[in-house]
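Novice: Listed below are the residues making up each chain.
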Amino acid sequence: MKAKLRYTIFFSVMSSLCLSACKPQSSQQWEVLQKEIQKAKSINDIQNLMARRAMYHSIGHNELEFELWSKRDDIRWAQNQGCWIGRETIKTYYVDVNYQMQAAQLKLMSESNPAIDNDLKTNRYIGNNVWHLLTTPIIEVADDGESAKAFWYTPGVILASTDGLTAQGMHMWEKYFVDLIKEDGEWRFLHIQVATDWAAPLGQGLPQSNSNIAAVGSEGGAQQMGPGPGAEGLVIPPPTISKVLYSEYSPTRRQHLTPRLPEPYSTFSDTFEYADCR
Amino acid sequence: MKRTKLSSLIAFTLVISACASSTAQTPPPPPQSSGPNPDFSAVTASVDTNGDGKMSRTEWERAGAPASSFNMFERGRGYVTQADYDSAPAPGGIDINGDGKLTLAEFKQFDREMGAKMDTRPRIEAAERALAMWEVQNVMSKHAYYHAAGVNLEEMAAIWVDEHGPNATTARFSSPIWVMNGFETIKNAYGKVNQQNRQKALENLAKVNPDIEVTEENLGAGHEWAMHTNTTPVIEVAGDGKTAKGIWYSPGMGLMTEIDGQKVKVNGTFFWEKYAADFVKENGVWKIWHLQMAYDFTPKLDDKWLDFDKKGMVQAGERAGEMPPGFSSPEYSYPAYSPERPSIIYPKIPQPYYTFDETFSY
Numbered sequence: 163m164k165a166k167l168r169y170t171i172f173f174s175v176m177s178s179l180c181l182s183a184c185k186p187q188s189s190q191q192w193e194v195l196q197k198e199i200q201k202a203k204s205i206n207d208i209q210n211l212m213a214r215r216a217m218y219h220s221i222g223h224n225e226l227e228f229e230l231w232s233k234r235d236d237i238r239w240a241q242n243q244g245c246w247i248g249r250e251t252i253k254t255y256y257v258d259v260n261y262q263m264q265a266a267q268l269k270l271m272s273e274s275n276p277a278i279d280n281d282l283k284t285n286r287y288i289g290n291n292v293w294h295l296l297t298t299p300i301i302e303v304a305d306d307g308e309s310a311k312a313f314w315y316t317p318g319v320i321l322a323s324t325d326g327l328t329a330q331g332m333h334m335w336e337k338y339f340v341d342l343i344k345e346d347g348e349w350r351f352l353h354i355q356v357a358t359d360w361a362a363p364l365g366q367g368l369p370q371s372n373s374n375i376a377a378v379g380s381e382g383g384a385q386q387m388g389p390g391p392g393a394e395g396l397v398i399p400p401p402t403i404s405k406v407l408y409s410e411y412s413p414t415r416r417q418h419l420t421p422r423l424p425e426p427y428s429t430f431s432d433t434f435e436y437a438d439c440r
Numbered sequence: 026m027k028r029t030k031l032s033s034l035i036a037f038t039l040v041i042s043a044c045a046s047s048t049a050q051t052p053p054p055p056p057q058s059s060g061p062n063p064d065f066s067a068v069t070a071s072v073d074t075n076g077d078g079k080m081s082r083t084e085w086e087r088a089g090a091p092a093s094s095f096n097m098f099e100r101g102r103g104y105v106t107q108a109d110y111d112s113a114p115a116p117g118g119i120d121i122n123g124d125g126k127l128t129l130a131e132f133k134q135f136d137r138e139m140g141a142k143m144d145t146r147p148r149i150e151a152a153e154r155a156l157a158m159w160e161v162q163n164v165m166s167k168h169a170y171y172h173a174a175g176v177n178l179e180e181m182a183a184i185w186v187d188e189h190g191p192n193a194t195t196a197r198f199s200s201p202i203w204v205m206n207g208f209e210t211i212k213n214a215y216g217k218v219n220q221q222n223r224q225k226a227l228e229n230l231a232k233v234n235p236d237i238e239v240t241e242e243n244l245g246a247g248h249e250w251a252m253h254t255n256t257t258p259v260i261e262v263a264g265d266g267k268t269a270k271g272i273w274y275s276p277g278m279g280l281m282t283e284i285d286g287q288k289v290k291v292n293g294t295f296f297w298e299k300y301a302a303d304f305v306k307e308n309g310v311w312k313i314w315h316l317q318m319a320y321d322f323t324p325k326l327d328d329k330w331l332d333f334d335k336k337g338m339v340q341a342g343e344r345a346g347e348m349p350p351g352f353s354s355p356e357y358s359y360p361a362y363s364p365e366r367p368s369i370i371y372p373k374i375p376q377p378y379y380t381f382d383e384t385f386s387y
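For the record, the sequence lines run as chains A and B.
Its first residue numbered 163, the first sequence is counted upward by one per residue in the numbering used here.
Its first residue numbered 26, the second sequence is counted upward by one per residue in the numbering used here.
Since the hints were made in silico from the structure, they are not lab data.
In silico EDC-like cross-links for lysine to aspartate or glutamate, where the CA-CA straight-line distance does not exceed 16 Å: (1) B:Lys312 to A:Glu425; (2) A:Lys197 to A:Asp305; (3) B:Lys325 to B:Glu249; (4) B:Lys267 to B:Glu307; (5) B:Lys217 to B:Glu241; (6) B:Lys306 to B:Asp187; (7) B:Lys290 to A:Glu410; (8) A:Lys203 to A:Asp305; (9) A:Lys197 to B:Glu153; (10) A:Lys203 to B:Glu150; (11) A:Lys203 to B:Glu153; (12) A:Lys197 to B:Glu150; (13) A:Lys253 to A:Asp235.
So the derived label-pair ranges between C-beta atoms look like this: (14) A:Asn210 to B:Ile369: 31 to 37 Å; (15) A:Pro363 to B:Ala67: 54 to 60 Å; (16) A:Glu348 to B:Glu209: 47 to 53 Å; (17) A:Ala322 to B:Thr74: 52 to 58 Å; (18) B:Glu179 to A:Gln200: 29 to 35 Å; (19) B:Pro235 to A:Val406: 23 to 29 Å; (20) A:Asp346 to B:Ile121: 44 to 50 Å.
Going by beta-carbon spacing under 10 Å, a handful of chain A positions derived as facing chain B: (21) Val194; (22) Leu195; (23) Lys197; (24) Ile199; (25) Gln209; (26) Leu296; (27) Phe313; (28) Trp314; (29) His333; (30) Trp335; (31) Lys337; (32) Arg416; (33) Thr420; (34) Leu423.
Keep in mind the model is a prediction, meaning the values are calculated, not measured.
Yeah, the Cβ is synthetic: ideal placement off N, Cα and C, and Gly gets one too.
Chain A with its partners taken away, still in its complex shape (with noise of 0.2 Å):
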């Protein structure tokens, strides 16, 4: 009987040395692992989310594109010249005049070849393909799992038709920094900023400025887009705060690391952010 006691006595005290030492290391543990699968899955999230972007934007479809935004109004787009800010003004120049551009393109399609109807129900993607691939990605999931910030290199092909009978095509080689946000468990783009390095028509070498060489920095950001073919008239919102924001390689450009690459942060408000004119 006696013995019995201090077996009993003996597992109390072993089952709560147990209690003591293991259960909260190994709680501690499940800690640390919820938070790496919840980190890993929310990069693989935001990879998927940018992709899905990508094949969106591939054949115009930007109205797609724009419903994966936050929900904000002070979402921000950027380009080398400046930001576009808040829904409605991102709305218009990236969904609207998108549209309208691809109406005017159709129309003068079909006017060059009549195999092409001037059906913008049915014809809309006709001519246009803008590949931006998503490479060499850095992905920083906030410790708190609220927001992200991202960086991809996209080496970019364009090609478009005027006539519907012939196409000229384009390198694109470009630079995403983007900030990310999580809504109703859901990541959402809250800036995205494009930054074009250079670009040159396919089958070609760079435009040449065949001129003195510039001061340096003084090339400047790029140039507000035309309004394309056919759509002369159609007035391109031009940047809510314009800024020279990235560069285009000239032999005068400097080469910093700008703007900054994502690093490890606990909270949104800890960091920098990217698209930013101020």
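Got chain A; can you put chain B on it based on the hints?
Specialist: Below, chain B alone, put in the same frame as chain A:
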């Protein structure tokens, strides 16, 4: 009292065992043999390529058949035969699809699965491994961006092994032409020389336009821009979580400024090449340890891409010539594509491994 102490000891051992890491598991019992051996003929046909009835070690290795089985049957002869296999009872489950015939694929799969089951060493959890793969990808991508910006010294400080740490002397950077051995050599050749080249490029611009100031802020102007994207990753993280290996395909572009009198020209060259790297975790952060390039194809932007004899960096030897101190020649120099080149997979694709000693090094 003695019995109580003994019982306590057993119980204590049991409790401690229960508390041990969940990642180390007891090996399962070896599989039981049952019934006649599955027909080994298909394996023999795949391995015995010269058809002499003897499967030599070379044939066995070339076929990728399990090395442990060869060692078991070989008995000092240097070969094994089908009779060796037929005379010993095969382990149960080796005929994975149960059709009575053993294929080379089944033989290998069974060996892999058994090897994994018998390996009871503690492994990192799947979650840690999944995250580590992305962390390694991030590091490799950072290399591309640092290098494109021409800030190689900053790159070395940020994402290579610690200059003063235990992996500094074994750091390595290789091309088909040269190998830079040790952090110091890489820092000098890849970092400091590059910095000097940036300075010279800016000075050359300033010679033709005196308004251009040679300042730290203006560095990079006039220098090359080389973006080596990384795509198509294969990343393997060691079972012990301490190292990782990766290989990438890298379609890239280099833009170079050429000054001709008062005029300036930009030339472009595509780089189609592979990158492979070993990574090591230092203080919880993944770092580049060994980095290797292998060029396939480097056409000029404005040329016919397939004009091999005349244009492009067909010979990928931009730093060829006499090897400075700390450099050596690679054991194998991967040739750029030519119509006569036999294609091989190089560098090697990473395979799953437990610890760095058990794998190859880039």
